[in-house]
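Chains as they are written, first to last, in the working numbering: chain Z, 2 to 308; chain V, 129 to 604; chain W, 236 to 900; chain Y, -2 to 210.
Keep in mind that the hints were calculated from the coordinates and are not lab data. Just so it is clear, CB atoms sit at the ideal spot from N, CA and C, and this is done for glycine as well. It cannot be assumed that every hint is accurate.
[Claimed, not checked] Computed footprint of chain W on chain Z, listed as stretches where at least three residues anywhere in the stretch have a Cβ under 8 Å from a Cβ of chain W: (1) 57 to 65; (2) 74 to 86; (3) 115 to 121; (4) 124 to 134; (5) 214 to 224; (6) 245 to 254; (7) 271 to 284.
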Amino acid sequence: MTNSTIINSTIHIFLALIMPPLLLGVIGKTKAAFAGRVGAPFLQPYYDILRLLHKGTVFSTTTSWVFRAGPIVALATTAVASLLIPFGAHPSPISFDGDMILYAYLFALGRFFTMAAALDTGSSFEGMGSAREATYSCLAEPTLFFALITLSRLSGSYSLTGMLSNVSSGAWLYAGASLLLLIGGMFIVLLVENCRIPFDDPNTHLELTMIHEVMVLDHSGPAFAIIQYAASLKLFVLGAFFVQLALPFATGSPFPDWGIFIVSMLLLAVIIGVVESVMARLRLVRVPQLLVAATILAAFSTLLVIR
Amino acid sequence: MFAALIILPLIGSAVTWLIPYDRLRPKVLAFFACVHFGITLRMLIYTPSESPGGWFHLDALGKIVLLSTSILFMTCAFYSIGYLFYRRERSNRLLCVGVLVCLAAASMVTITHHLGLMWVALETTTISMAPLIYFNRNARSIEATWKYLLICSVGVALALIGIYFLAYATIVAKVEPSLLLDDLMRDAGKLSSGWVHAAFVFLLVGFGTKMGLAPLHTWKPDAYGEAPGLVGALLSGGLVNLAFLALMRIYQLSLATKEIIFFQNALIVMGLFSMVVAAIFMAKQADFKRMLAYSSVEHVGIMAVAIGIGGRAILGALFHLLANSLTKGVLFLASGNIHRSYNSKNTDHVRGALRRLPWSGGLFLAGFIAITGSPPFAPFISEFTIISSAFIQGRMLIGAIFLISLMIIFIGMALTVLPMVMGEVPPESEATSYSDTVWTVGPPLFLLLLVFILGVWIPAPLMALLRDASALLEVH
Amino acid sequence: MHFVLQGAFDPALVAIGAALVIGLAGIPGLFIRQPGPGQILSAVVTVLSATAGVPAVLQLLFSKTSTTYMLQWGLPFGLCELVIDPLSAFFLIPVFLVTAAGSIFAIGYWPAAEHSTNERGLTFFYGLLASSMAILLMARNGVFFIMVWEVMALSSYFLLVTEHEKAEVRRAGIVYLIATHFGTAALLVYFSLLAAQTGSFQLPVAGSLSAISPSATIVALAAIIGFGAKAGIMPLHVWLPSAHANAPSHVSAVMSGVMLKMGLYGIFRTLTYFHDPPLLWGGILTLCGITSALLGIAFAVAQRDLKRLLACSSIENIGIITTCLGVALLGVSSHNNTLIYLGMAGALLHVLNHSFFKTLLFLGSGAVIHAAGTREMNLMGGLGKSMPRVALLFLVGAVAICGIPPLNGFISEFILYLGLFLQLKADSLIYLVFLAPVLALVGGLAVIAFTKLYGSVFLGTPRCPDAVTHHEAGMTMQMPMIFFAVLCLFIGIAPQLALHLVSPAIAVCYPLLQLTELPAEYGVILGKISLSGVLLLSAVVIVSLFWRWRLGRAPVTSATTWGCGYQRGTARMQYGASSFSELAVSVFTGIIRQRIDRPVVNGLFPGTARCSDHPSETILERIIEPLFTMIGISFAFLRRLQHGLVHVYMMYIFATLFILMLWAN
Amino acid sequence: MISLADQFLVLVLLINFISLGTSRLIFSIRAVAVQGVILGILPGLIHPFSWHLVAITLVIVTVKGFVIPQLLGRAVRSAEIKREAEPFLGYVPTLLLGALFTALSFGFAGRLPMLPEHQNYMFVPASIATLMSGFLILTTRRKAISQVIGYLVLENGIFIFGLLLAEAMPVMVEAGALLDLLVGTFVMGIVINQISREFSSLDTSLLTSLKEE
């Protein structure tokens, strides 16, 4: 444990704790700008979470302990995942060969409990939501793995830190095509996993069309705050993966790199905002097709690098 | 010794003929069967020396067949006490007499080395069984008897001309003319191949008919189907072995000539054909007694293939002879009980036998498992020996056909037997007076016990006997 | 019959003794008149001998030498050898654990008092099955192996048809019997050809045979068919779903948890014989494995019968194990120690893991069926409230079987993933890495299947009216489940210990390759896994504490579920099992086939109508059964040859005579 | 003597054709009886005189010539049938086939190695020809009684061959074979009576209730 690693880890954890809701704020602002509105302040998500933390809770009479476990596990898994992913050029606090598999499966655990909690309410809408969540995320899995294979091949490393820190402007020179394909695929996964437009509309009010939001309909108060925070953290964690893939700029000296990372995360948020503003929600039947397309993109990128 | 083996059953038959009481006869039958078994054991232990002139000589082959026949006849005799109690409506005189005459003739076949005499004895067994098949005295049984009698007589007649051909071959070869096996084997080298060929063909067809090798088996399903289970057991476990013994005698002879290859191939072809035919006819077989008849066709096929393959398979064939006759005994006796109880042998009516007759149903199920070659029962040992030696000799095609037909047969039997024994008794099936008693269940149970013991442990003396016998059939 | 003992007393004797005693455990019950004592006695005996057996087996697993026991039997197939080498010892662990647990479970699940007609037979054959499996693992004589194998198959058949008055059970039984007999036929070929190669019926020692000869290929093929049919590798899985669904649940647990593994053991054993397997073998195994995994779980998603779903997921897990095995074999062919080690480790570990969580799940399903009185998931729901403990234990099993951290299922899959990724460094067979995304897909489908199962059985509100009869399972039913749940968690948290279990077994399979540094290296990685597992649990604790703290600060009220404006939601309006999987099935249609009965609803006031879906056994119903019907028809045609005309029969005789005459000359 | 024996054998062949060609059962029974008598006489022609020979001859003549025909005759009378109604194969084709088989058997016999002193006897061909005619009757006739006749003719064929090897066949075996034949035919006669009682006809094409369908 050298000094620098301690500092890095501290900053890493600090960012993971503080920054995620900001992304939501930025996305909201962007969309407002496109709609020609002033929009809510950047820090609005923080306010929401704090307010929710102070509210009382309503439990459905049909629910059992599984319902209560849902948000907790969701947050816990995302938090651990956030320790596995490197932020920018900085190594992640926990890193070992094969950690990317753990990374992928942690989300599965969170999903499992979220869906269970939704089913526990006995509401047909929440059941519908969890069914969709299950199917779509299942279809998204292979894409992620293709991405991991490609990166690990390019970097010759088997840990997220290794494979992501290796992606640099240099890598773009000799594997640009496959990285491009990869970014296409991963962006779709990013949107799906975080239930953004065009796959899901976080702030629609028609339960029939929701995926993620409908699963948490019955959560209220602190539980809902936890869910909100977990969702933003998930966006942040997956976003970090994507950013490191798409914008691999590094100066080599630590503190500027942190800056670069933060800036590029915000940039990602803006991009998501733009996408959400310019696109309409897809019909649900189209979603699987797009996901398969993403898988094919990723598969091609893998082929390109290992042939 | 030899005389006693044949005379005593004959005396017994005379006695039973004279006895006027139906209730007493089966007991006398059982008594004489026991005596016969006693003599058999004694002869197995202290083998009597060859009779002057070499007509009678109990060699290892004969011993095995004699043993299996004697055990089977004794068990069936005891079973008849229980069975005939439920058939008091008609006289059992002919049945008891027939069984004992048949026993005498059978012993004759096993101990004689004179082909002519063997033929006479075989023909006697054929005829003596006819009245037993006709026991039920109805249109179907008379038809079965007629077919049995005609086909078997013609077949055995063909065997006779085969034997004549052999005799003539000796005359042609200018050696001292004789039908004694030992003389023939001695001079076999000199015999002219034309006659020997013809002789083998006729003998194969003749004894094959008696044995029930396809396509000479046509009498079997009818006879087995219509005869009482008791008689079925005797036919499939006893008479079949006698015919097989005759065939093995010819095989011994052919070993000494140059014709062995042809004879072996003929045996393999007919054996496999029998197995395939059995497989075809056992699928969706609604009459469980006919199913057993076809199973008997299958097993003679197995034995024929085995001696055709030669080598270790001969050991398997000889053990299979024993195992098959015992297992068939279990199956036929149990099926007889089930037939009595349901008053039908059609699987559409016979259901849930395990519920109605826990013992007989269980025995039938166990017999099915045994006869299809599943451990821990004796037929597995023999069948595996045969299959493995087929593959070890590199005769893949034979092994493949063998296994495939066994598979089909298993499926066919399973689809007939399992619905029979399992499930609920159909409400419409009328209750009959029959119920399992110690006399009707004990004998098959005893046989099953033997089959099981032989399946996990072959006593050393028996093993030695088998080895000696197979040595008689191996190429030197 | 006499024993030839070599060497002094040793644990192997204890293990053999335990196996035999378990086999006899059911016999006293057959003779005790009033029902009950026999069952309890057999359970006690089984548990005691298991508790004696497991330590012995562990000792054998770590001991370098293995004793040979020669049994002089009367059969003409050479000596009957009994050996327990580490591979056998490894497979013996689940045999003892699962069978003991099942026998305890039976007391509560199949009480002799209520099932006086068939309890005795059940107990007897249960013991027979258990001991036959144990002895099978020790057998080194081919013929003895087959005999024990058949005893195992038959006793499991009789266990399966315990309730043979039900037509469905009988049908399942016949399908199973035919399938297993088919496998046995292949094994007859297998052992015969082995004998042809080695000259005796003793099983060859590791690495003693060469795979070049053509007969070796047939041996391998026969092994894959014969053992694969028992293991349920596609397409030989046809018997599996109905058999597991219709057997009593503790029997299903043993069948799925242990008996399938016997087939895998056979394949493991076979592969050790050959020192130079061609790439083709590994390729075939891997292909079969991954296909079984994908299709198996896809079928599972579509099922609506609780136990059928579990059965299909068994096919999936067997597929994963087979994939690991195939990968290891490819490693052998390409002389890649890493691949061999990780493949074998993944396979063996998953054997252990699957036997643990699948037993847990089947026992749980038994408890559920005992409570709900049906296997139809669409009729269940809300059992989590009436049987909370079972619900918790079942959740552990469900998470574990999805291969999700921090439970044991994840560990074995992780090892396989690691092997595949490390292949990127290798110079050959790099395309193996494409298995990883497929496995990921399998994992995703597993999550669908088990959220469906768990949600529709335990969560929400009861769908069927007779839910009032639901009751928590008794202690005898809970204890075994608790035991296995703890094991799952333990292996999940301390995987590096599990690695020590598998290494000796691998060393037996591949004595040629040096396994010195590999285990240590991967032990470190697994240590990291366990660290993050602990981290995860602590994170859960922290978050929940935080949440409780917040919860305490504000009023907590309870109300009905928010029906999105609709106030009269009823239990039957919940998202049922079928509706949950409907979307996934529609996406994977083609792989998953199901018949959907949709009534036509028209008119202004249509009457009541039901829409129901029926997942179909594709291979059984579309290929095998039609084939059988066709054969049956052709046979029926041939049967006309037996037409009853005696003079034509005569003609048969003379025709034969003529043909033979012609042949003779 | 040789020529005499051969003439008798020609007679035997002739009788084969009669039994093949006739439709009247009694007549063919008689024909077969005559055949039996001839066969009884034949040994006397080819073997030197001996008492055992006489005994054999007597037995054969009585059994084949009188006892068995009596049995069959009674069966026919009890069943009150006169003639073989419609055989499976017409009489003319049967006769033609019979001729063909006779020719073939001569050819076949020619290919077999034989003792020089038997070379110019007709024994072997005659025996095989008779065998074949028996087979023809068995396969073409519908009435149970004519099937028994066929069986008898077949047996006669075998017997003719047996004449060649008197020294190889001990008396006891000879007698046993005869006894079996007698008993066999006797039982067949009984069975025929049963059939005619059970089915009120001797038509074996009615005996087809036992079959696979």
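Now for the hints, and whether the structure bears them out:
A count of 9 residues in the region 57 to 65 of chain Z with a Cβ less than 8 Å from any Cβ of chain W is obtained; the coverage claim is therefore met, three being the minimum. Coverage of the region 74 to 86 of chain Z by chain W holds in this model, with 8 residues showing a Cβ closer than 8 Å to a Cβ of that chain against a need of three. Here the region 115 to 121 of chain Z counts 4 residues with a CB under 8 Å from a CB of chain W, which clears the bar of 3, and the coverage holds. For the region 124 to 134 of chain Z, the assignment as covered by chain W holds, since 9 residues bring a beta-carbon within under 8 Å of that chain's beta-carbons and 3 suffice.
With 5 residues bearing a CB less than 8 Å from a CB of chain W, the region 214 to 224 of chain Z meets the requirement of three and the coverage assertion stands. With 0 residues having a beta carbon nearer than 8 Å to a beta carbon of chain W, the region 245 to 254 of chain Z misses the requirement of three or more and the stated coverage is violated. Using a Cβ-Cβ cut-off of 8 Å, 0 residues of the region 271 to 284 of chain Z lie near chain W, which falls short of the minimum of three, so the contact claim is violated.
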